[in-house]
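Using full-length UniProt numbering, the final residue of the sequence shown is 108, and nothing's skipped along the way.
These are calculated hints, taken from the structure and not from any lab test.
Here the structure is a predicted model, which is why all the values come from computation and not from measurement.
All C-beta atoms, glycine included, are put in the ideal place defined by N, C-alpha and C.
A couple of the hints might just be wrong.
[Claimed, not checked] FRET-style restraints, in silico, Cβ to Cβ:
no., residue 1, residue 2, range
1, GLU31, ALA94, 29 to 35 Å
2, GLN33, SER93, 28 to 34 Å
3, GLN33, ASP62, 17 to 23 Å
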Amino acid sequence: MAVRPPQQGGDDPDSLEFGIAALDARLDESEIQFPATEEEVVRALDNAKIPYDASGNGVAIDEALSSVPSSEFDTETELLNQLHPVFEEYRSSASGGFLQQLRNLLPF
Numbered sequence: 001m002a003v004r005p006p007q008q009g010g011d012d013p014d015s016l017e018f019g020i021a022a023l024d025a026r027l028d029e030s031e032i033q034f035p036a037t038e039e040e041v042v043r044a045l046d047n048a049k050i051p052y053d054a055s056g057n058g059v060a061i062d063e064a065l066s067s068v069p070s071s072e073f074d075t076e077t078e079l080l081n082q083l084h085p086v087f088e089e090y091r092s093s094a095s096g097g098f099l100q101q102l103r104n105l106l107p108f
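Taking the hints into account, I'd like the entire structure generated from these sequences.
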């Protein structure tokens with residue numbers, strides 16, 4: 001997922017990546033090869049904290065991976081598909097409901 005940040009200057013990024021979009025970007029920057037184990041993913045990402053909402057709240061990749069049923073992933077898509085519900089659960093539990101999500105998207 002991604003959301004546009006408030007427009008305050010010309011040097012700001014076009015969007016803030018969080019959840020699976022942020023994880024996908026980190027995987028693309030890493031040199032991980034699939035199939036990969038949970039440990040290889042954690043090592044390739046330096047156990048990075050991946051933001052799961054637009055407010056910048058994040059979870060360490062090893063903690064997120066502890067919630068998936070597999071410890072080996074044949075493809076990047078398989079890894080992302082297994083982690084998607086984990087990030088959604090973090091986002092929904094931290095968001096405080098629909099009104100809080102709406103507030104998070106507004107620039108004021």
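Against the structure, the hints come out as follows:
1. With their beta carbons about 31 Å apart, GLU31 and ALA94 fall inside the hinted range of 29 to 35 Å.
2. Between GLN33 and SER93 the C-beta distance comes to about 33 Å, which sits within the given range of 28 to 34 Å.
3. A C-beta distance of roughly 19 Å is found between GLN33 and ASP62, which places it inside the suggested range of 17 to 23 Å.
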